[in-house]
Amino acid sequence: MKTCLIVDDSSVIRKVARRILEGLEFTIEEAEDGEQALAACQRKLPEAILLDWNMPKMDGYEFLRVLRRLPGGDGPKVVFCTTENDVAHIARALHAGANEYIMKPFDKEIVEAKFQEVGLI
Amino acid sequence: MTPADFDYLRKMLRERSGLVLSAEKQYLAESRLLPLVRRNGLASLADLIGDIRLKPSSQLATDTVSAMTTNETFFFRDKAPFENFRDYIMPALVAVRLREKRIRIWCAAASTGQEPYSLAMTLNEMGPALAGTRVEILATDLSGDVLDRAKAGLYSQFEVQRGLPIQQLLKYFTQEGDSWRIAPEIRAMVQFRTLNLLNDFSPLGTFDVVFCRNVLIYFDQETKIGVFNRIAKQIPDDGYLVLGAAETVVGLTDAFKPMPERRGVYTPNLAARRAGPVTLFASAKF
Ligand SMILES: C[S@@+](CC[C@H](N)C(=O)[O-])C[C@H]1O[C@@H](n2cnc3c(N)ncnc32)[C@H](O)[C@@H]1O
Numbered sequence: 000m001k002t003c004l005i006v007d008d009s010s011v012i013r014k015v016a017r018r019i020l021e022g023l024e025f026t027i028e029e030a031e032d033g034e035q036a037l038a039a040c041q042r043k044l045p046e047a048i049l050l051d052w053n054m055p056k057m058d059g060y061e062f063l064r065v066l067r068r069l070p071g072g073d074g075p076k077v078v079f080c081t082t083e084n085d086v087a088h089i090a091r092a093l094h095a096g097a098n099e100y101i102m103k104p105f106d107k108e109i110v111e112a113k114f115q116e117v118g119l120i
Numbered sequence: 000m001t002p003a004d005f006d007y008l009r010k011m012l013r014e015r016s017g018l019v020l021s022a023e024k025q026y027l028a029e030s031r032l033l034p035l036v037r038r039n040g041l042a043s044l045a046d047l048i049g050d051i052r053l054k055p056s057s058q059l060a061t062d063t064v065s066a067m068t069t070n071e072t073f074f075f076r077d078k079a080p081f082e083n084f085r086d087y088i089m090p091a092l093v094a095v096r097l098r099e100k101r102i103r104i105w106c107a108a109a110s111t112g113q114e115p116y117s118l119a120m121t122l123n124e125m126g127p128a129l130a131g132t133r134v135e136i137l138a139t140d141l142s143g144d145v146l147d148r149a150k151a152g153l154y155s156q157f158e159v160q161r162g163l164p165i166q167q168l169l170k171y172f173t174q175e176g177d178s179w180r181i182a183p184e185i186r187a188m189v190q191f192r193t194l195n196l197l198n199d200f201s202p203l204g205t206f207d208v209v210f211c212r213n214v215l216i217y218f219d220q221e222t223k224i225g226v227f228n229r230i231a232k233q234i235p236d237d238g239y240l241v242l243g244a245a246e247t248v249v250g251l252t253d254a255f256k257p258m259p260e261r262r263g264v265y266t267p268n269l270a271a272r273r274a275g276p277v278t279l280f281a282s283a284k285f
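Read top to bottom, the protein sequences are chains R and A.
Once you know that position 62 of the first sequence is 61 in numbering that gives the first Met the number 0, the rest is easy, because the numbers rise by one and skip nothing.
Once you know that position 83 of the second sequence is 82 in numbering that gives the first Met the number 0, the rest is easy, because the numbers rise by one and skip nothing.
These are computed hints drawn from the structure, not numbers from a lab.
Hints should not be assumed to be uniformly reliable.
Said to hold, decoys possible - Partial chain R-side listing against chain A, Cβ under 7 Å, derived: (1) Ala39; (2) Val86; (3) Tyr100; (4) Glu108; (5) Ile109.
Keep in mind that this is a model prediction, so the values were computed, not measured.
Glycine residues also receive a C-beta, built at the ideal position from the N, C-alpha and C atoms.
Can you build the whole structure from these sequences, using the hints too?
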């Protein structure tokens, strides 16, 4: 089973995302901000990361930049999942190494489509 | 809705669009038609059917048929058909059309445009592989309403996130508030026209590729056979038919045969063509 790290400061979003991704046969880990996410990745790199942008401590964009410089850090497929829904943000995220981008609000269909897009399912 | 009204509705849908609504789908009819009842200031479904009985060729009758059809679609639906189109169908056609340098594609149930635009984006990505071939895409649908949306090329955030890779979104769309508008050069690659598949479409001419996906599933066997055989007449020997994931010609007509290894892709059955007029497995009155 593949592991997906869900990074979001909202426990409600983490819960919704967890339910969807467990339905897609992922083992779930959770982090509330970029720092926690980085700690989790230093312990063990997941196959997938669902990543919010705006979070306290370290935001999603900053986390992604650090992640991609870790040894093996180019491995996980990173799918942003954020309310930052404008072209400028999307372009920055892709430039920093994001594989896909979900604009909130999202549902199961969208998560499934995007995870398929990057070859995770 | 009274049983008599429901029967009348089912008969009308079948005659006008081919849609077969089974007897237990009354709840579906009610949920899809109630908004139309309200919009037209009618008191009830009985009034709606009553009006249509009096004026069967009114706009209200047309709107009723439209309201009952399923328009669900998304960009690059099922993915594989578009990969087959890009990696196999188009290269093969470009090679045999080197002299004419013209390829015609028909999207026969285009709905709100995601399918023809997915084809147009795919062609755009192919670039030099098209060797200067002019490619036309004709997109048709029974419903003028969905085609109006297709022509506008404006999609909600939800619609652009189902099937469209994020890179393609950035490349081919511009943001307008919460919506996304298809790029003018992609829009310009597609012609739109209303067309009922139950009617004669021979005046459209021939097409090298026909995408007819997720519409025949709603039809009964006889109607499917009739449409397949008439589509066959519009496709040259070296052309292709692409169907939806739940559709097949197998057991219905020998006008086409499935391509081994390419699910959903069919080619004209040349043996059957040479044998004379299209033969049917089931005896249908077409
Ligand atoms: C489910 S959509 C399929 C859209 C697209 N081909 C796809 O696969 O995503 C079916 C479309 O068929 C259209 N349709 C239904 N009956 C039709 C008919 N008799 N002639 C032409 N189009 C028809 C409907 O209006 C609807 O837009």
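Checked hints:
1. Evaluation of the Ala39 (chain R) hint against chain A yields a violated restraint, the C-beta minimum of about 25 Å exceeding 7 Å.
2. With a least beta-carbon distance of about 6 Å to chain A, the hint placing Val86 (chain R) at the interface is held under the 7 Å criterion.
3. Taking 7 Å as the C-beta contact cut-off toward chain A, the hint placing Tyr100 (chain R) at the interface holds, the least distance being around 4 Å.
4. Here the hint on Glu108 (chain R) is kept, as its CB sits about 6 Å from the closest CB of chain A, short of 7 Å.
5. For the restraint placing Ile109 (chain R) at the interface with chain A, the shortest Cβ-Cβ distance is roughly 5 Å, inside the 7 Å limit, so the hint holds.
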